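S.K.: Put together the whole structure using the sequences plus the hints.
Each chain, written out:
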Amino acid sequence: MNLVRTWRIMQKELRMGPRSPIFLYAVLLPIVLTFIINGVFGSLFEPTPRLGIVDEGDSAIVAEAKQLDGIHVTEPPDATTLRKMVESNDLDAGLVLQPGFDGAVRNGQMPVLQFYVGGESLASNRIILSVAAVDMVRQVAGEPAPVTVDVVTIGDPEALPIASRLLPMLMIYAVFVAGAFVPASSVVEEKEKGTISALLVSPATVYEFLAAKVGVGVVLATLTGVVTLALNNALGGHAVALVLVLLTASVMMAEIGVMLGSWAKDLNTLFATVKGGAILIFYPVIFYIWPSLPQWIPKLSPTYYFLQPIFEIGIRDASLGDVWGEVVVALATVVVLVPFVLIMARRLQRKVAVGV
Amino acid sequence: MTAIRSRAGIVAAIVRKDFTAFSRNWFFLVISIIGLVFFALTFWLMPNTVDETVTVGVSGPGIGEALTSSGESQGIDLKLYPSQDALTTAVENGSDGVAVGLAFPPDFLQTMAAGQQTTVDVLVTAGVPVELRDAMDSIVREIAYAASGETLPVIQLAQNEYVLGVDRSGDQVSLREKMRPLLAFMVLVIEMMSLAALVAAEIQQRTVTAIVTTPARVADFLTAKVIVGTLLAFVQAVILLVAIRSLGANAPLMLTILLLGALMVTAFALIAGSYGRDFITVVFWSILFLVPLIIPGFAVLFPGSASSWVKVIPSYGLINAIVGATSYGEGWSDVLPDLAMVAGWTVVAYVVGLSILRRKVEAL
Chain A
1 MNLVRTWRIM
11 QKELRMGPRS
21 PIFLYAVLLP
31 IVLTFIINGV
41 FGSLFEPTPR
51 LGIVDEGDSA
61 IVAEAKQLDG
71 IHVTEPPDAT
81 TLRKMVESND
91 LDAGLVLQPG
101 FDGAVRNGQM
111 PVLQFYVGGE
121 SLASNRIILS
131 VAAVDMVRQV
141 AGEPAPVTVD
151 VVTIGDPEAL
161 PIASRLLPML
171 MIYAVFVAGA
181 FVPASSVVEE
191 KEKGTISALL
201 VSPATVYEFL
211 AAKVGVGVVL
221 ATLTGVVTLA
231 LNNALGGHAV
241 ALVLVLLTAS
251 VMMAEIGVML
261 GSWAKDLNTL
271 FATVKGGAIL
281 IFYPVIFYIW
291 PSLPQWIPKL
301 SPTYYFLQPI
311 FEIGIRDASL
321 GDVWGEVVVA
331 LATVVVLVPF
341 VLIMARRLQR
351 KVAVGV
Chain B
1 MTAIRSRAGI
11 VAAIVRKDFT
21 AFSRNWFFLV
31 ISIIGLVFFA
41 LTFWLMPNTV
51 DETVTVGVSG
61 PGIGEALTSS
71 GESQGIDLKL
81 YPSQDALTTA
91 VENGSDGVAV
101 GLAFPPDFLQ
111 TMAAGQQTTV
121 DVLVTAGVPV
131 ELRDAMDSIV
141 REIAYAASGE
151 TLPVIQLAQN
161 EYVLGVDRSG
171 DQVSLREKMR
181 PLLAFMVLVI
191 EMMSLAALVA
201 AEIQQRTVTA
211 IVTTPARVAD
221 FLTAKVIVGT
231 LLAFVQAVIL
241 LVAIRSLGAN
251 APLMLTILLL
261 GALMVTAFAL
271 IAGSYGRDFI
281 TVVFWSILFL
291 VPLIIPGFAV
301 LFPGSASSWV
311 KVIPSYGLIN
321 AIVGATSYGE
331 GWSDVLPDLA
341 MVAGWTVVAY
351 VVGLSILRRK
361 VEAL
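Top line first, the protein sequences correspond to chains A and B.
Take the first sequence: its position 322, counted from the start at 1, is 322 in our numbering, and no numbers get skipped.
Take the second sequence: its position 107, counted from the start at 1, is 107 in our numbering, and no numbers get skipped.
Quick caveat, the hints were computed from the structure, so don't treat them as lab data.
The reader is advised that the hints may include incorrect statements.
[Said to hold, decoys possible] One side of the interface only, derived from the structure: several residues of chain A facing chain B at Cβ under 10 Å:
| hint | residue |
| --- | --- |
| 1 | ARG50 |
| 2 | GLU120 |
| 3 | ILE127 |
| 4 | ILE128 |
| 5 | VAL147 |
What you are looking at is a predicted structure, and each value in this text was computed from that prediction instead of being measured.
Using N, Cα and C, we set each Cβ at its ideal position, and we do this for glycine too.
M.R.: Structural data, given as structure tokens:
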């Protein structure tokens, strides 16, 4: 197989690809779905509560605030800037600690707590930030709390918000449409228009032709996958691990795509097959949405073995080492599919040769 | 007078030809129609309200009243339950929208008054954000301090002092409202691609040469292109705003904003079309303009003011004017600086676009 020829076919594909509505659909679908799902179920545009602190003295509250989980803390240069930022909704709330604040609190001098909230901040953020501020003041005062608070997690300890549980659905759309459907429809279109015959009378082989289609699928699926993860705040601290898993997923989908494309005699057959058979690819996502369902069932689908690592790394902050078992199965699936792709390639060559 | 009428007739003829060409370009026609339907659907699918309260279930006698009187209930929707078991079930099932449960022991208030220690359970499901858990933890401690007679070691500001800016609590701008300028602008920029493709086709197929060998001049050709582009973008943006009921109380202002926006994107379309050799290069050049132009539309979706670099993007004034007119009820005087900015950028874009296109046409 000549890599230069493969690269040239791939370049042609990338150049001509955007003309196809399917290409456009593959790129836009995950983005559109993310917007809709996060708009309806999630908080795509509602970041964590934002607190600004200006310390005019040497208060211990600043260090305390920086330790707060789930609250974004910034330190504007002065009180005037802080108030401006709060007013223009660049911060949800702001705290100005005047010189000698901590000492005044400890000595019972009752200093004024200069705590400001923005008019446009959400009421829920206001309460979170105001009780956080009061709590920090209490700690400075050193008064022991008259109560012990136990935070008890009830129900499924692994439960996640619905927007997070829908991530596998977005990911499977992203990698399947871009990774499998785009190459499949491209192969079928080439057969229908007869351009594949023209290509195969050139020095290019059917293997190079299909390798180029796989390449396009992998590039497109990886890119849409990364964009989807980023839009869903799931790229997290293990971006490299996620990209590696995505690459594996993209290759698997592209292999399935070129096999489908080589087999389907026209676009109608391809669409009908995808409509009927995609359930085998897609069904694991149901088990993320309803985790109470038996969890052995999704393991029967090859897509589970990349969806699960993506879910664990992207949502539960796992590392590649935590999901190596699934990744190995996904990689093995990629390898196992290679002989089948070669068989389909030979079949495609025979069909093209006899003009079927 | 006759000369002007004849020029107008020539321009009108070119405009008619362009509309026919547009209706024959199935890709842009389909994209335009699908785009309009899709944008309208997206708007109506977005939530119309902002849920800014946390529903908290409480069990324990007298606690609901204590919470309300302590002033810690702003942003909290309290639901009272007769027992901890009932509260646990509600939190587990999410019934009544309860996200967190505060299970106080039945003798909590008496224990606090007696200065004794006790334990309160904060019931959460795994999906509850950490900042909310911590907030509930703090609220429970504040109730305990209040019940044991310990006041805050600081003086808090009065509400009118500590809320900065217009207090929109309970009247927040919903995601649907925030999407409005982005959707209107998307329609405008999609039409930018259509016009760019029309212009590119005229240059590549050299139909423009044929046109200027008739009594039509280059200026007529350019005028026609500006009219076609502006009309295409403006009419579709108006259709969308009608479909999403966003012309609002000040329709003349909105129409003016859209007209200026249509004029601006047309200018960019002339530049993209001048450089476009084929479909791909037209898309490439259009996207080159589209990506930066769309940034202010996305910036509106996030809280806070836009960065200073976003404010110099030509479309910023347009987006700001739409937001002001539709979400904050601003009038002509409020949005005038934004309109002036859009007009300024439009003039600059036309000077560049028309000169590039004129040079291209004259070089053929």
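S.K.: With 10 Å as the cut and Cβ atoms as the points, is VAL147 of chain A at the interface with chain B?
M.R.: 4 Å, holds
S.K.: Would you settle whether the hint for ARG50 of chain A is holds or violated, based on the nearest Cβ-Cβ distance to chain B being less than 10 Å?
M.R.: 8 Å, holds
S.K.: Can the hint on GLU120 of chain A be confirmed by a CB-to-CB distance to chain B that is less than 10 Å?
M.R.: 5 Å, holds
S.K.: Tell me if the interface restraint on ILE128 of chain A is satisfied: Cβ within less than 10 Å of some Cβ in chain B.
M.R.: The hint holds - ILE128 of chain A has a Cβ within 10 Å of chain B, the shortest such distance being about 4 Å.
S.K.: Hint validation: ILE127 of chain A versus chain B, beta carbon distance must be below 10 Å. Holds or violated?
M.R.: Hint holds; ILE127 of chain A Cβ to chain B Cβ min 4 Å, cut 10 Å.
Of the numbered hints given earlier, the model fails none.
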